[in-house]
Amino acid sequence: MIEMGVTDFGRVILALTSHGRERQAISMALTSISKLAESELPDNERGSMGIYKRLSGRRNRFIKVSNILSMAGTLKRPILVGGLSLSFALWLLDRLDRSIEEFGEWGVLGLIALGVGAWWLKQQAPKPLPETVPATIDRLEAEAALTQARTILDRLAEEIDGDLGDLQQAWEKFHQQLDRKTLKIAIVGGRGVGKSSLLKALTAQWLETETGATLCKLPSFFRRDEADDLPTALAADLVVFLIEGDLTDTERQTLQQLKDAGQTVLLALNKRDRYCSIDLDLILDRVSSHVTGLLERENLCSIAAAPEAIEVRQHQADKTVRQFHETPDAEIASLTQLLDRQLDRRSELVWGSVYRQAKAFQETVKDRLNAVRRERALPVITQYQWVAAAAAFANPIPTLDLLATGAISAQLVLDLGNIYQQRLSLQQAQTAAGTLGSLIAKQGLVELSTELATHALKHNPVTFVAGGTVQGIGAAYLTRVAGLSLVEYFEQQEIDRTSNTPLNWNRLGDILQSVFAANQRTEFVRSLVRQTLDRLSPSATPSSQNTMS
Numbered sequence: 001m002i003e004m005g006v007t008d009f010g011r012v013i014l015a016l017t018s019h020g021r022e023r024q025a026i027s028m029a030l031t032s033i034s035k036l037a038e039s040e041l042p043d044n045e046r047g048s049m050g051i052y053k054r055l056s057g058r059r060n061r062f063i064k065v066s067n068i069l070s071m072a073g074t075l076k077r078p079i080l081v082g083g084l085s086l087s088f089a090l091w092l093l094d095r096l097d098r099s100i101e102e103f104g105e106w107g108v109l110g111l112i113a114l115g116v117g118a119w120w121l122k123q124q125a126p127k128p129l130p131e132t133v134p135a136t137i138d139r140l141e142a143e144a145a146l147t148q149a150r151t152i153l154d155r156l157a158e159e160i161d162g163d164l165g166d167l168q169q170a171w172e173k174f175h176q177q178l179d180r181k182t183l184k185i186a187i188v189g190g191r192g193v194g195k196s197s198l199l200k201a202l203t204a205q206w207l208e209t210e211t212g213a214t215l216c217k218l219p220s221f222f223r224r225d226e227a228d229d230l231p232t233a234l235a236a237d238l239v240v241f242l243i244e245g246d247l248t249d250t251e252r253q254t255l256q257q258l259k260d261a262g263q264t265v266l267l268a269l270n271k272r273d274r275y276c277s278i279d280l281d282l283i284l285d286r287v288s289s290h291v292t293g294l295l296e297r298e299n300l301c302s303i304a305a306a307p308e309a310i311e312v313r314q315h316q317a318d319k320t321v322r323q324f325h326e327t328p329d330a331e332i333a334s335l336t337q338l339l340d341r342q343l344d345r346r347s348e349l350v351w352g353s354v355y356r357q358a359k360a361f362q363e364t365v366k367d368r369l370n371a372v373r374r375e376r377a378l379p380v381i382t383q384y385q386w387v388a389a390a391a392a393f394a395n396p397i398p399t400l401d402l403l404a405t406g407a408i409s410a411q412l413v414l415d416l417g418n419i420y421q422q423r424l425s426l427q428q429a430q431t432a433a434g435t436l437g438s439l440i441a442k443q444g445l446v447e448l449s450t451e452l453a454t455h456a457l458k459h460n461p462v463t464f465v466a467g468g469t470v471q472g473i474g475a476a477y478l479t480r481v482a483g484l485s486l487v488e489y490f491e492q493q494e495i496d497r498t499s500n501t502p503l504n505w506n507r508l509g510d511i512l513q514s515v516f517a518a519n520q521r522t523e524f525v526r527s528l529v530r531q532t533l534d535r536l537s538p539s540a541t542p543s544s545q546n547t548m549s
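If you're matching positions, the sequence shown starts at 1 in this note's numbering and goes up one per residue.
Hints listed in this document are in silico derivations from the structure and should not be mistaken for laboratory results.
Keep in mind that a hint or two might mislead.
[Said to hold, decoys possible] Straight-line alpha carbon distances no greater than 35 Å define the calculated DSBU-like cross-link-like pairs of lysine-lysine that follow:
1) Lys259 / Lys359
2) Lys181 / Lys442
3) Lys181 / Lys200
4) Lys366 / Lys319
5) Lys319 / Lys200
6) Lys217 / Lys359
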């Protein structure tokens, strides 16, 4: 028989709590609860035995909560221990038939205050602007992008033991290109617009006199069976975009992508020999109107890279007429004039391509770093989802459940923030936890998770379903969704962030919705239900509770 009263239980809680401020707050709360509890009992029922008798019939749940606290204690997380301890202490008081209204009011008021604080911080925090690529890149900006890439690469080297030789060599190659003098020009466009013909014509008529440039032709951008060479086009210093008529929607979208990345583009209308002068002017005017805001009118020209053969009638001396077909020379003078003009800003174009490659390299390294961090974060999320499940199972009273879940969420935010090296204060973690709960409630995810859990329970051959089982499953599910949402959010943040930048609640809410939608798979939910039932069943031992899958 377990002989533990509120006072005895308080000693256990304080033993688990290592931080001074948390110890003091919990000590005061438990002392008050102990006095209130025993003052409501008859003289013969006061003390540890009296309290235990009033808890008869709830022994299994009491043991389960003890296991929760043991689990929380091994995590060495003062916020988590304090929150769970206070939540359970309030539950003890309710089990003694003591009215919980007073505590419920304070709990609700606290949650309201937390929500108002989160709303206020949201209104005060400046909204981050999307990163824009400068219209022109100088050497300092290119070097800054390389330095930032180096910072992320060094961070990756600190967190893994693997070989990063390939990434080191790539970074050094980018750095060496800062002083490159040869211009790299890419010819792009759809299938059949004349890319090969233009490459041949430029090689013959322009590269013979211009040795400071190289040309390459890329496959079509606009067919699914063709390789997507947009990254290669962005790596070039200059792009010649070839079309053969009015601009299509797909071509305009590609131009938009090139512009957004800061790429310099010359737009050339090919096969102009097929149009009369009036029609050609009309087409050029339409194209010009369609690219307004994407490129300057002066960077648009018309050419004939491979003119069609024309019929020639030649009068001979003997007054006969000789007829034959002749292929005119390529008409690319308007394009070569634009290219010559771009050569005057050779260094600026090279710095621009180095800048773009450095930014793309940053994303590559960041993806590898995030993969390493995600591998470390997932076990942490799994650990907290089981703690949340056990807490909700032990405290099916809504107010107490929210109190425990808030402590779990705040500690989860801090732990994940540490993994992703995001500088979060305790106040930011608490605000984030409160806002996550608010977002989950506003988006109706609590009800949806309950429906998923209830539906999955119907398809599981279980023999043990206690009153808090559905709440436990829902808490595990929502904790996992919240954790995965935080992981997605942190992965999108700057790697070398050094300031306490407020979290973007709107962005976090969008991620929360998408993560919830991605984790509604029937098999995933059923698997979570099975694991939760295994952990909440009476046969589960404390050692098994500490084993996180």
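Pair hint Lys366 and Lys319, alpha-carbon separation not exceeding 35 Å: Judged against 35 Å, a Cα distance of about 78 Å means the pair is violated.
35 Å Cα cutoff - pair Lys181, Lys200: 23 Å, holds
35 Å limit on alpha-carbon distance, applied to hinted pair Lys319 and Lys200: 39 Å, violated
Hint consistency between Lys181 and Lys442 [alpha-carbon to alpha-carbon, up to 35 Å]: Violated: Lys181 and Lys442 sit about 57 Å apart, past 35 Å.
Hint consistency between Lys217 and Lys359 [alpha-carbon to alpha-carbon, up to 35 Å]: 24 Å, holds
Pair hint Lys259 and Lys359, alpha-carbon separation not exceeding 35 Å: The hint holds at about 15 Å.
When the structure is compared with the earlier hints, violations turn up for hints 2, 4 and 5 and for no others.
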